[in-house]
Every structure is written in structure tokens, then in C-alpha cells.
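First to last, the sequence lines map onto chains A and B. Throughout the first sequence, residue numbering follows this note's numbering, covering 1 to 254 in sequence. Throughout the second sequence, residue numbering follows this note's numbering, covering 255 to 730 in sequence.
No lab work stands behind these hints: they were computed from the structure. Since we're looking at a predicted model, the values are computed, not measured. Where is the CB? At the ideal position from N, CA and C, for every residue including glycine. Certain hints may be false.
Unchecked claim - Label-pair distances were calculated between CB atoms; the ranges are:
no., chain 1, residue 1, chain 2, residue 2, range
1, B, Val261, A, Asp139, 21 to 31 Å
2, A, Phe16, B, Trp598, 55 to 65 Å
3, B, Val261, A, Gly136, 30 to 40 Å
4, A, Asp139, B, Gln312, 21 to 31 Å
5, B, Gln312, A, Ser46, 37 to 47 Å
6, A, Gln126, B, Glu601, 26 to 36 Å
7, B, Arg625, A, Ser46, 55 to 65 Å
Claimed, not checked - Pulled a few chain B residues facing chain A out of the computed Cβ check, cut under 8 Å:
no., residue
8, Thr313
9, Lys323
10, Ser324
11, Arg327
12, Val722
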Amino acid sequence: MGADEPIVSVRNLHKFFTRGSEKIDVLIGLSLDVPEGEFLALMGPSGSGKTTLLNLTAGLDRPSEGVIRVGDKVISDMSESQLAAWRTRHVGFVFQFYHLLPVLSAYENVELPLLLLPLTAAQRRQQVLTALDLVGLSDRLHHRPGQLSGGQQQRVGIARAVVTDPTLIVADEPTGDLDSKSAEEILNLLVELQKGLRKTIIMVTHDPRAASRAERVLHLDKGRLVDDVTNPGDGAFRTAGHEAGPSEMFTRKP
Amino acid sequence: MEALKAVLMWLLALGVAGAAVAVPCILAAPYFQEAFTYWLAVVVAAAVTLLFVVAFHQTILFYLRFVLKSLFRNPLRTGLTAAATMLLVFIVTLVWTVLWFLNQVMTEKSKDLKAIVTERWQVPSQMPFSYGAALADGATRKPGDVKPQDSMTWQFYGGTLDAGKMTRENIVFFFCMDPNKFLTMMDGIDEFTPDQIEQLKKWADEMVKDKRKVVIGVDRLKALNKKVGERVKVHSMNYTDLNLDVEIIGALPPGRYAQSAVMNCQYLNDALNEDYPRTHAGQKHPLADKSLNLVWLRVPDTKTYEKMADQIETAYRDSTPSVKCETASSGVASFLDAYRDLLWGMEYLFSPIALVSMAVVIATAISISVRERRTEMAILKVLGFGPWRILWMVLGEGLLVGAGSGLLSVALTYLVVNVWYGGIPFPIAFFPAFKIPVLAFAWGPLIGAGAALAGSVVPAIFAMWVNVAQVFSKTA
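This is chain A alone, in the form it adopts within the complex:
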């Protein structure tokens, strides 16, 4: 892969479901590139296909048509088992509801993906401690999810996402279940990961404030990409054709 090549490349992506005899198009001919180290936000109304796009990009689902390339792998052709193995090494997931395993401690939750990799116990321990230190939870190693606040649980979720040093981090409404203070902390953490560790992050969000922390915002509606906005870093968003402020951008209808 060349230096200028995108880390995620999606071409002519179609995804449809069938309900009885009815065909429901969720994504229609979507193409996009995500450069390495970019923090990308996906926005759009419910049912616009943003979570489906996230799932497809992360190898959780397979497209009906089209090609998805992540790094040097075409994941749209992979079998379920191949995708599972690929996800372990290349994708970190952050969920809205954290989705930590309640019976495992923070340490064990973060360790979980590492168990699938050929590492020694010492190497695993080192990586888990680093990840938990990164999210500021070194003092909560043996706490179970039920003993942590929402913000802390999400930080454990982020530690679990980064512990394998993945190519891509995908986050589905990571601040959706948090109060504004915790949400801010989580967004800061994601930005830190992107800027400090050069991680590529794709985040689905409904929250304009969360989206404003991303470098670029894609707006989807009815399965199509309707807007591609780049955040210049000075608070003003630049769309493909014109300048616009964030509030305007997020409220604009296609």
C-alpha cells in the first residue's frame, strides 16, 4: 500500500435486506476513502445506513455488492471465520452501551481480544496495562463493569479497542449513553488516540458536538452519501462545494 493510498477504501457499496418479498435498500452505490490517521464521523438520520456502513467497514457484516478494502485486504470477499481473525488484529470497537462482559474484570475485558493472538502471558499483561494506563484506569484493574461509572466503562471499552494496536477503530455512538462531562472526556480520548497514536477512527454519531471533534464528517441519508465535510480545525466546516458552520451543516437537509 502506497503512502497516499487510503486505509479504508469503499467502492460501489450496496447493502439490502429482504423482508418477505420486499427488498429494502440500506446502502446504495456508496463509495468513499478514508486516509490513514483520519478521524471520520458518520452522521445522518435513523435508518440512513450509517451503522450498516460502519459494520461493513469493520467486517461485522458482508455487502450485497461492492468492494471494501481495509489496509491491503479486501474484506468484502472474506468468509466469516476469516473476518473474525482479521477483526482481532485490525479493528477495535467502541460501542454506545460499552458492551463489556459483566463477569470479567476491567483487566480481563481488555485482555479478551489478546487471547486470540500468539502472545505470552507477560506480553499480554504488558499490553493490557498500557491500554488501561492510556485511558487512565490503572487503578481499576480488578473492578467489574458493574462497579464502574458509565464513563469509566466506556474508557475500558476504548482500552479494549486499542489493546491489539488495530489499524482501524470504529465507534458507534460512543458518547450516546454518557453525560456531557463523560462524553467530553471520551471524545478527548479519541482525539488523543488519533493525534497521538495516528489511529484511524470512524465514528457514528447523532451528536453534532461529537461530530465537531472529527476531522471530517460524512452525512448519509436513505443509503446515500449526501455530504462530505472537512473540519479545518478552526471551527468552520468546509463542504465539497461551499463553506458552512457546523450548526448549518448538521441541520441541512439534502
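Place chain B on chain A using the hints.
Here is chain B on its own, set in the frame of chain A:
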């Protein structure tokens, strides 16, 4: 605390691995002709398993830990599932113990087999004691007839120590026989230690010298609340008005004969033929000519048996009563024919119902657990756990509950039934009690694991194919 947990996890991992070796080894034991080959196979299997455990200990320990944690998140449900499984394994173990023992005694041998002579048309057999001598000789009449290698006559004398209170604890059942034949003709003598055999010889000598002396199994003696050296009066239950004073000189060791008792047949015959007429105005006892119940004959092979059986049946064809000669196994089988429906029910109705119930109980518990944890399964998939790993995690939960409960159930059953209760007091044939065999330690975990596997395979497949996108869309 963490160190203790780690040690316990290691012990559990080694226990599971040990069971994985032990169960097939116990099952395979009867098929090995030589002890050396068998133990070599055991050592190789153990070494391979140990290497496997050491090589993959991290993964094994993780899965064990994860499975245990999943099981203990709802201790009540897991406990109830385990309790139900234990109960059902207990029932199946009892049923199979009886069936297994009967199957063992009914299995034909081709060499060193025993023949059994009984009355042809009546059960229980009641032959004149005078038949004994000729039958012990194989009813030989002409040159070329074959003789048995050894023989033994059996007369049954059952009685109670308290005529006014005939309870299970008071009853004793004697095999009346030549005491010296105990060591040469009874089954299972090879299970005794050299010291025990030496002791049996001494008792036999004493019983020959003094016909009133008897030996009683250690468990029966305990049930009777009597001790070696005591003299007791036995009030007969099958020989009317023929009560015998006996002196207990020994306790048959724990095991097959722990509930049995042995008396010199001479004592019974003298009481029957001499003492009874003397005290009853010269009248013969009603069973005086019907006291011989069984004659055992040892023959070297099937061919000798067939010839000897023909000799005996020909010699007694026109006698009253007529007799029949069959191998011990078929003799037992004929005797058990009366219990055919009961045994059929035990084997083909009772056991399968218990097994199916067990599978349903485990399936229900695992299904609920899997349904509750669909999101967790989806998370594991997201993190890269493939479908097969998830399948094995769910199966692992079922297998651990099933095999663990099965093993625990058998261990408790073994202790309670064999050690505490002295065997299953199943009133069938002339078997005193059915002891749980060591083989049951293989059945228990296998029954539990088998039922668990059958019960958890469908929930495991559902877990395996959980649709991640669908689960998360519902969660959201």
C-alpha cells in the same frame, strides 16, 4: 487470593484432563488382555494429555475461567441444573448397575465355565439331596463319559434371629454347602487378598470340624448387630420348624459376599433328616427330599460341558423330579426370565426417560443462558472469536455441568450405596445386593456429558450463528 484462584484453576484443568484420560481408560480396561499393555496405554494417554494441557494451558485456563464465570453468574440456575443432573445420573447409575451385573453373570464363557443343574420343571428348584453325589460326578454311567473338574451343592436356608420381629435387619440367608468348596467354586475369590484366603481356609477347617460354626458377611453381621464369637438361634423361614443354633466364627470381608452367609450343609441335612424326625415322632420333614436347590459343576470348555449336560439330562430324564443342566450364565438368564418385563422396562424405558429428561433439563438451562447472553456472544464475535470458539464455549458450559454433576453423583452414589448401605437391595434372583462397580465412575461423567452435549448442541449452534449486526441494532 489470586494465587489461590490460580491454583484452583490449575487443579480444575488437570482434573478435567485427568477425567478425559480416566474415563476412556476405565471403559477400555476389559478389552486389554495384559495388564502391562493396559497401563502402558494409560501412561501414554496421560502423558499426551498432560503435554496438551501444558502446551495450551493459557487458552485452556482462560476458557475454563470464562465458562466457570458464566456458570456462576446465576448460581441458582446452575445449582438446580446440576442437582437435577445428579439426581438423574443417580437413577441411571442404579439401574445400570443392576443391568450391568446381570449382563456380566449372563455372559457366556468359552473356557473354565460353570454349569448349573436345577429341577427341570420348577422354580425354585427343589431336588432330593441324594442327587448331589451323582450330579457331582457328572452322572457318569459308562466309559468315555466326562466328569466335572469340581462341583458344589447349594441348599438355601433363610431365617430370622427374632421370630417375633421379622425385619430386614434380622434376616440372614445361608448358602449351605461344603465349606471347602467356598474357595474352589465360588465366584470372585480372586478378589480376596492372600491373607483373606488363608483366613477362609481356616474357617472352612473349623466349619468342617464343628458343623454348627458359620461365617457371615461383614455387612450382614453389622445389620444383624452381632459379633464374631456370638452364638445365635436362627428361626427358619423356609424350613418349617427347623430352627438352628449357630456360632459365628468369622466375618466374610467387604465386597461381593459382605451380605452373604455360609453354613456347613451337613448341619442342615442332619437337622433335617435326624433331629427333626426325633422331635416330631419320627415324621419326615416336608422338605426332607427337596432340600437340594442347585448343583454347580466346573468344566474346562464348552465341548465338555455339552457332553456332560447330555449325560446328566439323559440320566435323569425319567426321574422325578427331572433335572436340566445349563451353563451358569444361561441358568441365570432362565431364572431371570421371570423378571423379563421388569428388566426390559429398566433398560429400554426407565433409563432412556431419565437420559432424555436430563438432556431436556440441561438444554432448557443452557438455552435460557444463551438467550440472555446473545449480546455477549455478539461481542465475542466482534472481538474476533470465531463461530467454533463460541460453539465450544457454550458446549463447554454444558459439558462442565453435565460431566461434573455426573462424576459427583457417581462418587456420592458409590459412597452411599456401597460403603454406607452395602449395595442396592434389589430383590431379584439370589443376588444379595448390587454394588456400584468402579466402571460407574466412567458412566457418570459420560452420561452427564452425553446428556449435556445433546442438550446444549442446539443452543450452542444458535450462539454460534448469532448475527452481530442484528443483535446490536436491537440493543440500540
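Tested hints:
1. B:Val261 <-> A:Asp139: 21 to 31 Å: holds (26 Å)
2. A:Phe16 <-> B:Trp598: 55 to 65 Å: At 59 Å between Cβs, range holds.
3. B:Val261 <-> A:Gly136: 30 to 40 Å: Distance hint for Val261 of chain B, Gly136 of chain A holds at roughly 33 Å.
4. A:Asp139 <-> B:Gln312: 21 to 31 Å: holds (26 Å)
5. B:Gln312 <-> A:Ser46: 37 to 47 Å: holds (43 Å)
6. A:Gln126 <-> B:Glu601: 26 to 36 Å: Violated - the Cβ-Cβ distance for Gln126 of chain A and Glu601 of chain B, about 59 Å, lies outside 26 to 36 Å.
7. B:Arg625 <-> A:Ser46: 55 to 65 Å: violated (26 Å)
8. Thr313: Holds, because the Cβ-Cβ distance from Thr313 of chain B to chain A comes to roughly 7 Å (cut-off 8 Å).
9. Lys323: Since chain A brings a Cβ to about 4 Å from Lys323 of chain B, closer than 8 Å, the hint holds.
10. Ser324: holds (6 Å)
11. Arg327: holds (5 Å)
12. Val722: holds (5 Å)
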